[in-house]
Amino acid sequence: MTHDTRRLRRALLHLVLAVIAALYLSPLVYMFVTSFKTREAAGSTEPQWIPDPVSLDAYRELLGSADSPIMTWFLNSLAAATGHAALVLVTAAPAAYALARLRFRGRRTIFATVVATLFVPPVVLLIPNFLIVNELAWVDSLPAVIVPAAAGAFGVFFLRQFFITLPGELEEAAELDGCNRWQIFTVIALPLARPALATLFLLSFLTNWNDFLWPIFVLLSPESLTLPAGLGNFQSANSIRYDLLMAGAVIASLPVIGIYLVAQRWIIEGISRSGLKG
Amino acid sequence: MSLLTEEMGRPGTAGPDRPGGAGKTPRMRPWTPYAFLAPYLALFAVFMLLPIGFGFWTSLHEWDINLPAKPFVGLENYLELFDPSSVDGSRFWTAMRATGIFTVASVPLLIVLPLLTALLMNGRFAGRNVYRAVYFAPYVLGVAVVGFVWQFLLDGNIGLVNHYLGLDVQWTNDVAPAWVALVGVTVWWTLGLNSVIFLAGLQDIPRELHEAAMVDGASAWQRFRSVTLPGLRPVTVFVVNATILASANMFGQSYLITRGAPADQTKTAIYLIAETGLRQFDMGTASAMSFILAAFLMVASGLVFGAFRDRSARR
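First to last, the protein sequences are chains E and B. At position 146 of the first sequence (counting the first as 1) the number is 146 in the numbering used here, and the numbers step up by one without a gap. At position 191 of the second sequence (counting the first as 1) the number is 191 in the numbering used here, and the numbers step up by one without a gap.
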């Protein structure tokens with residue numbers, strides 16, 4: 001292949017990829033643009049890619065509305081996602097460490113059982129987990145959206161893959177220095193696992209922040225909803241107020257987009273690799 | 001404690017039983033590993049193992065959360081669902097059909113398009129990671145945001161989709177366009193996920209294999225058939241299975257964009273299960289539905305594993 005044809009092919013490749021990328025982002029750009037339009041402009045039949053006039057009306061109306069307390073939903077989502085991600089780390093990290101590094105009776109059985117549940121269709125958990133959460137008197141409160149999902153096997157599975165790769169010499173050295181198992185775990189293993197822990201925290205946070213099916217059924221009163229659940233109800237009441245819907249969508253996506261811009265590489269590597277080593 | 005470990009640890013490390021290496025376990029109290037596992041296993045028991053059994057138990061009862069009496073009815077819930085002339089049965093199979101249509105229509109696209117995207121991106125060139133980040137971006141958004149945006153873009157009167165395509169389609173009210181819309185939105189939303197998994201798989205294929213094939217004079221297509229595809233097999237099995245599961249659990253798109261319309265034709269099985277169990281509180285019937293759906297999914301997974309195994313055996 002000559003130098004020129006190679007350059008031509010490369011230019012073509014860039015052209016194709018760039019066109020797809022532009023098409024890919026345009027819905028999000030239009031969401032953002034529309035959220036700064038007036039009610040009339042948002043409902044116009046002519047596409048308008050630059051809002052004229054630029055208006056904050058939608059945000060003002062959304063934030064000022066009494067029956068859709070969007071700031072409360074935002075804070076609920078923040079608390080739920082942070083709490084859930086923290087719970088996943090605190091429970092999955094020691095469990096994954098034990099399954100990766102310690103030898104004990106029942107290790108294989110426990111690991112096999114945990115992994116087997118990765119193949120259980122989550123739909124079978126929906127009704128009974130609602131009943132269990134109801135029994136715990138958690139319906140309509142944040143624990144319902146923080147705790148049950150932390151039983152998923154993904155976190156343990158994900159961190160175990162990492163702990164298995166740790167060199168044993170470090171642990172032996174720590175043991176010679178008089179560390180017990182818990183100290184070896186907290187002083188040696190956890191600091192080394194920081195990238196994996198950060199990735200798992202972000203993935204758990206994002207999953208919980210975006211969760212929709214479970215919160216719309218398990219949270220009921222307006223002041224206890226998470227953002228997606230609140231917006232879901234809000235949509236049924238305001239189905240053609242696209243200025244408001246887009247402003248709500250922007251508020252719901254801001255934290256996620258922020259995290260993505262900062263940690264995009266970790267998130268993608270974490271997700272793309274987690275499926276491979278099974 | 002630390003003194004003790006030190007004294008006991010030293011001879012242990014020098015001992016002949018397990019010389020060095022990654023698998024070596026220093027001495028510890030017998031209950032230590034279980035203490036590490038306990039917090040997670042408590043969650044796992046209450047919210048994973050218990051509900052699997054409890055869900056099946058519920059499906060054998062006429063179970064309304066608000067009624068004190070929950071009579072045992074054996075397999076009656078299942079029998080009713082398998083009777084297409086019953087009210088629950090006909091609703092259920094309409095929903096199963098919707099789930100089936102969506103899965104069959106979306107999974108091939110969600111395998112082929114991400115694979116093509118990954119192949120395009122599988123080279124070393126400037127900006128590759130930017131493209132990867134852009135294609136993946138929609139996936140980090142929640143279905144609520146995705147649903148809002150596309151409800152707007154697909155609006156039959158003012159939506160951009162009709163405007164730019166010069167169409168006058170009621171995307172959310174007519175059956176065939178509704179499926180096109182739901183599948184299209186899902187492809188836009190999740191294409192990046194499967195792409196990055198395929199891309200990671202492509203990069204794990206040793207370069208030498210391609211080089212060896214080139215030396216043997218293999219064309220690009222031959223290399224794709226005999227090096228790339230076989231190298232991707234484990235990744236593909238994973239992606240196909242995960243995508244079938246995800247598509248068969250489609251809920252938010254239909255809930256937000258079409259609301260199951262028209263006439264419940266796009267109301268998926270999980271949508272009906274949630275509505276039956278958690279709105280109408282007919283939890284026995286809803287649990288029975290979820291086990292039937294789960295059985296279908298497990299058969300589908302089995303078929304996928306079987307299909308991929310057969311092909312490798314023939315080689």
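Bear in mind the hints are in silico, worked out from the structure with no lab data behind them. In this text the structure is predicted, and so the values were computed from the model without any measurement. A virtual CB, placed ideally from N, CA and C, is assigned to each residue, including glycine. Treat the hints with caution; some may be incorrect.
[As the list claims (entries may be wrong)] Per the computed footprint, the stretches of chain E lying under chain B, defined by three or more beta-carbons under 8 Å from a beta-carbon of chain B, are:
id: 1; segment: 119-127
id: 2; segment: 200-214
id: 3; segment: 256-265
[As the list claims (entries may be wrong)] Ranges of calculated distance between the beta carbons of each label pair, as one might list FRET restraints:
id: 4; chain 1: E; residue 1: T72; chain 2: B; residue 2: L116; range: 15 to 23 Å
id: 5; chain 1: B; residue 1: D216; chain 2: E; residue 2: A86; range: 48 to 56 Å
id: 6; chain 1: E; residue 1: T165; chain 2: B; residue 2: L49; range: 48 to 56 Å
id: 7; chain 1: B; residue 1: Y34; chain 2: E; residue 2: A86; range: 16 to 24 Å
id: 8; chain 1: B; residue 1: N129; chain 2: E; residue 2: P191; range: 46 to 54 Å
id: 9; chain 1: E; residue 1: S221; chain 2: B; residue 2: G306; range: 44 to 52 Å
id: 10; chain 1: B; residue 1: A69; chain 2: E; residue 2: A86; range: 22 to 30 Å
id: 11; chain 1: E; residue 1: G64; chain 2: B; residue 2: W57; range: 42 to 50 Å
id: 12; chain 1: E; residue 1: A18; chain 2: B; residue 2: G306; range: 34 to 42 Å
id: 13; chain 1: B; residue 1: A307; chain 2: E; residue 2: L118; range: 17 to 25 Å
id: 14; chain 1: E; residue 1: P143; chain 2: B; residue 2: V175; range: 36 to 44 Å
id: 15; chain 1: B; residue 1: N129; chain 2: E; residue 2: E223; range: 19 to 27 Å
id: 16; chain 1: E; residue 1: R39; chain 2: B; residue 2: S219; range: 57 to 65 Å
Evaluation of the provided hints:
1. With 9 residues having a beta carbon nearer than 8 Å to a beta carbon of chain B, the segment 119-127 of chain E meets the requirement of three or more and the stated coverage holds.
2. Residues of the segment 200-214 of chain E with a Cβ under 8 Å from some Cβ of chain B number 6, which satisfies the need for three, so the listed coverage holds.
3. Coverage of the segment 256-265 of chain E by chain B holds [criterion: at least 3 residues with CB-CB distance below 8 Å; count 6].
4. Checking the proposed 15 to 23 Å range against T72 (chain E) and L116 (chain B) shows it is violated: the Cβ atoms sit about 44 Å from each other.
5. Range check, D216 (chain B) to A86 (chain E): about 54 Å between beta-carbon atoms, so the 48 to 56 Å window is met.
6. With their beta carbons about 29 Å apart, T165 (chain E) and L49 (chain B) fall outside the hinted range of 48 to 56 Å.
7. At about 23 Å, the beta-carbon gap between Y34 (chain B) and A86 (chain E) stays in the expected band of 16 to 24 Å.
8. Distance hint check: the CB atoms of N129 (chain B) and P191 (chain E) are about 28 Å apart, inconsistent with the given range 46 to 54 Å.
9. Distance hint for S221 (chain E) and G306 (chain B): a CB-CB separation of about 48 Å, consistent with the stated range 44 to 52 Å.
10. Checked against the given bound of 22 to 30 Å, the beta carbons of A69 (chain B) and A86 (chain E), roughly 41 Å apart, lie outside it.
11. Here the CB-CB span from G64 (chain E) to W57 (chain B) is close to 48 Å, well matched to the stated 42 to 50 Å.
12. Between A18 (chain E) and G306 (chain B) the beta carbons are some 41 Å apart, a value that agrees with the proposed interval 34 to 42 Å.
13. A hinted range of 17 to 25 Å for the beta carbons of A307 (chain B) and L118 (chain E) is consistent with their spacing of about 20 Å.
14. At roughly 41 Å, the beta carbons of P143 (chain E) and V175 (chain B) sit within the given window of 36 to 44 Å.
15. Separated by about 42 Å at the C-beta atoms, N129 (chain B) and E223 (chain E) break the suggested range of 19 to 27 Å.
16. A C-beta distance of roughly 59 Å is found between R39 (chain E) and S219 (chain B), which places it inside the suggested range of 57 to 65 Å.
This entry does not satisfy hints 4, 6, 8, 10, 15, going by the numbered hints stated previously.
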